[in-house]
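Engineer: Residue numbers (this note's numbering), protein chains in the order written: chain G, 1 to 441; chain X, 1 to 441; chain B, 1 to 441.
No wet-lab data here; the hints were simulated from the structure. Hints should not be assumed to be uniformly reliable.
Pairs count within a copy or across copies, as identical chains cannot be separated in the list.
[What the hints assert, rightly or not] List of simulated lysine to aspartate or glutamate pairs, EDC-like, C-alpha gap at most 16 Å:
hint	residue 1	residue 2
1	K69	D83
2	K211	E353
3	K80	D30
4	K370	D59
5	K264	E400
6	K264	D306
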Amino acid sequence: MLDQSKNNLSQQMYEFAKKIFPFPRSLTGDGVRQTLQAIKELLPDLKIHEIPTGTKVFDWEVPKEWNIKDAYVINSDGLKVIDWHKNNLHVVSYSIPIDTTVTLKELKEHLHSLPDQPDAIPYFTSYYRPTWGFCMAHREYQKLRDGNYRVVINSQLEPGHLTYGDLIIPGREKKEILLSTYICHPSMANNECSGPVVTTFLCRWILNQKKRRYTYRLVFVPETIGAIAYISRNLDALRQRVKAGFILTCVGDDRAYSLMPARKSGVLPERVARHVLALVLKVPYTKYTFLERGSDERQYCAPGVDLPVVSIMRSKYGTYPEYHTSLDDLALISPDGLYGGFLATKTAIEVIEVNETFKSTVVCEPWFSKRGLRAPLLGGTTLTPWSALVSNVMAYSDGEYDLLAIAETIGCSIFDVAEVAATLKQNGLLERVRECTPKPR
Amino acid sequence: MLDQSKNNLSQQMYEFAKKIFPFPRSLTGDGVRQTLQAIKELLPDLKIHEIPTGTKVFDWEVPKEWNIKDAYVINSDGLKVIDWHKNNLHVVSYSIPIDTTVTLKELKEHLHSLPDQPDAIPYFTSYYRPTWGFCMAHREYQKLRDGNYRVVINSQLEPGHLTYGDLIIPGREKKEILLSTYICHPSMANNECSGPVVTTFLCRWILNQKKRRYTYRLVFVPETIGAIAYISRNLDALRQRVKAGFILTCVGDDRAYSLMPARKSGVLPERVARHVLALVLKVPYTKYTFLERGSDERQYCAPGVDLPVVSIMRSKYGTYPEYHTSLDDLALISPDGLYGGFLATKTAIEVIEVNETFKSTVVCEPWFSKRGLRAPLLGGTTLTPWSALVSNVMAYSDGEYDLLAIAETIGCSIFDVAEVAATLKQNGLLERVRECTPKPR
Amino acid sequence: MLDQSKNNLSQQMYEFAKKIFPFPRSLTGDGVRQTLQAIKELLPDLKIHEIPTGTKVFDWEVPKEWNIKDAYVINSDGLKVIDWHKNNLHVVSYSIPIDTTVTLKELKEHLHSLPDQPDAIPYFTSYYRPTWGFCMAHREYQKLRDGNYRVVINSQLEPGHLTYGDLIIPGREKKEILLSTYICHPSMANNECSGPVVTTFLCRWILNQKKRRYTYRLVFVPETIGAIAYISRNLDALRQRVKAGFILTCVGDDRAYSLMPARKSGVLPERVARHVLALVLKVPYTKYTFLERGSDERQYCAPGVDLPVVSIMRSKYGTYPEYHTSLDDLALISPDGLYGGFLATKTAIEVIEVNETFKSTVVCEPWFSKRGLRAPLLGGTTLTPWSALVSNVMAYSDGEYDLLAIAETIGCSIFDVAEVAATLKQNGLLERVRECTPKPR
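Build the full structure now, drawing on both the sequences and the hints.
Structural biologist: Okay, here's the thing in structure tokens:
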């Protein structure tokens, strides 16, 4: 666990998270652009797209662009009791501009705090309802005294654009593996700097691979409206090409692994994710149901889209106490946490790349010993584990079980199975067959 | 639970049970006619049919008609030790006429009692074997002293008719919901006055509905031979039209709920019955297997008929100690018990009426908030329960899940799902699709 | 359990095991021929085949023939410390001829013993790697002192033949039941005299049956190469005709029952074997998985062959401490053990012979009482067990359930079901339909 490259990578990811953490992201605006620019420094081929406000995307329409330069509340003593520059969660996202003086009572109608978490600034948005508001720690809220308050939000909510980025990395096959993440949350770390950070580094890793069987589609969008806009522009390609997809979200802390399945059960990425967690990484994890969804699987798995898309997360959104507050900060995530998130989806990709379906070229068992494929125990019906694996991979390679199904049947890692299968193929004992969807067993 | 209409209905059903309880029912004869006449007073459109003795019905033949006016046994002191007028269970049903004097020993060859239930008069029949017999409480049986006994059964067993009733209530669709019950048991309450009583009041409730999607077929027949005769006259219609059927039997006591499935598992009324009991009424129930069948599902589910027919019962026949004895009397059933039986099948009907299959008219999630379909929590990824339901109904409406399958997936009542689906349809977000049989999940 | 015929048969099998136990079997050679000759004395129609060394059989080639006349090791005192005549396990099977003098150190490189089982001579082979070796009890091994040892193996390893036997016993149908066993193990009793012994007596029992529905294919081959050679000569016939197959191995001790399924789950002989063990013999058993295979199912179930072949064993190979040592001797098996092995597969054959699919000739239930098929309980909805069985067999005979599926649904022996079905057929209530594969339930 201490190999240098892992440490390097973990640290690089954490540093990148620190870099993008403070940007004032929202559904739209310069915070999103700033984030995409930072990603583009690491992924120069990233394409950045702008969709004008008012564009129809399926049932929705691209909203006005929101930008903010400053926001604060000053009490009658001239003290700034809320200062957006200290934490961008202080302002309700998409707040309309305001510059006025109000009583405490009037102010409180626009304040949000969490009595049960008195030190946490909550995260609130008001994307589709024009209003303004501030969020603050309840402990600070309780200190507010009667009097007049100057309230300033120097924001713009005007026709502009929705910004997103994507990148296609070609492979030998046209079939695609989709990685999608979102870039609309302001200063929170697990949800959601971790998503674009890990996706960026996964993309760099993919680009570094010399051989790529599948084509990769990387998508950095604002959640919901961004995903919908993206799907509306790419629906046919997505439906024809996506073999498996992963939404990268909540991949930064080091407390848990979580699996969100697709709407339709048993799809390839779900099989792969379960295999990775249980038999490759061998970590405990919580399997949620699609009823507990909350991210862009809501769009990718919706009727009419129906892509096989899952999420392998660390602590799932909505399940940890710091979620959607200022406590979800850089101390909550860690280099190890990010690396675990990176490793899970990277391994899932490797599983899909390596998964093939083979068929025996011989009838009956092959003569393993002639080829040195059977540990030459003198006598001995007890096979070495490797010989047993050779025998099992051969026995199940009937053109119906893919390597993943064979590994699941045996209860071992697909990488061990694939290595054996490669040896058997080199020996002319297996031939690759057109992939087929294995029947449920 | 104390609303007036429920109380009224419960009482009306109980009074009607009291009214028909004493009629001397058997497979055939005036007791059956009397019962059907009483039902017809409540259901004027009921059609009463007579099938002549000797008519071939599939493998069977309609038996002679049996009627009885009186029956008794007098001991040598001139005392009536058995008197049919006191309880019509005293005579073995279909006993041939007799008027003779016998010794105690001879008499005992024709007496039936239950040593383990000394106060219960058992219920015996001898439909297809010409003999005579009396049933009595074992406590009375033990009091019989040596001597001669005058034995009189003033019965008739002669060519006549088998009598049954039916009623078709048309709906918008030709597909039918079948309700069948039997009218051949003499004075017993749970098994079997409760069946025709609850069926009669279900029929009145159906007639009161302003909108009926399905056509309803109500059948009041003597058990077994009556059901066979009915099926023989209506086989093609039944096989073409019956979408779901329910046999109403043992629906009068208040001690249990029971489910008898159809021969083929997973048919619509079974899915519906389980949903009603578990997720609508939320009552515990015993699920029996088809091996424990005992009523007219033996005919409706037989090879060559194979209708989807189940029974939602209270205490199932054969499982409660008073079954088929004089202890199954009007004290065993109750207004509440009858109402529970009524409610279960009524609710099942409502489920089938409301169950439809919808498909999203939009790609991706719709813009709920634009339409006020999302509780406008400021910020807030936590949805209200209603918003979550809206989201889930939309997410699963892919033209394959019917509303019942959606409700089962969510674990809530189909009526909540249907209400939300109606709202979504009004908003143009769902369209009805031709019903399809959902795949097992 | 003490009926004479069973005792006779058990004793005859045990005596035959004693007879063939000492023959020096190996993959090839006169020990195999001697064994087949002994079987042919009991099965005169057995055909014995010889395949020349070097013949290609799928991926393999028939090896040289190995014969041995004597082998021993003499110490410097002139004492025979190992003598093949005392136990033919002392020589590694397929040892090349040798006649030399070696030091103790050199000798030990060719000695095999089991420190954990100091009294057991282990069983070793070196079929495809030319070498020589001796096996001995570790207790004896430890007594060897420094000095020179004369080593003699008077063996021949030369072009010759592989010998096997087979027998086809015709039945009314061309579809076959395959029984296969192996004849290549030297003096060990459970694994593997029991296999050919029980198979021989099963064959005699089959020949004694006056009516045979299926054709029987009996195969006596050396394990692995023999099975592969046999399949290579008969592949088309096997694939077209084998309805169910059983490998007879480890059927001699009396400590356990074991089931090895086929590679594909749920095939007929697996259903049958489970039924036999659970509902006919009512014995506990261990169900292994195909990953734990180790006998000729490796060939019969291989991709490209894929026959429905299972094994019903007593103590499975590899699972009992005496396995593949001199402790697997005639004291380990017993007449009762052999009889249990015989009975399990014999019963499985009887199940397959009796299993048919019937369809009701009537619509609705038949009029059982008219035909005396319903116990004439006066009144009585409680059926006798026999009447209940009659009713259930009739209810499930819809042309889709075979008798085995009906028996499994009811939870009773297929023989009870078949007896009832025969009665119903005689009464014209059931007709046989073309067999269909029942859907999994």
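Engineer: For every hint, state whether the structure bears it out.
Structural biologist: Verification of the hints:
no., hint, in the structure
1, K69 to D83, "within (11 Å within a copy, 99 Å between copies)"
2, K211 to E353, "within (10 Å within a copy, 57 Å between copies)"
3, K80 to D30, "neither (25 Å within a copy, 95 Å between copies)"
4, K370 to D59, "between (65 Å within a copy, 10 Å between copies)"
5, K264 to E400, "between (21 Å within a copy, 11 Å between copies)"
6, K264 to D306, "within (8 Å within a copy, 32 Å between copies)"
The structure fails hint 3 only (numbered hints given earlier).
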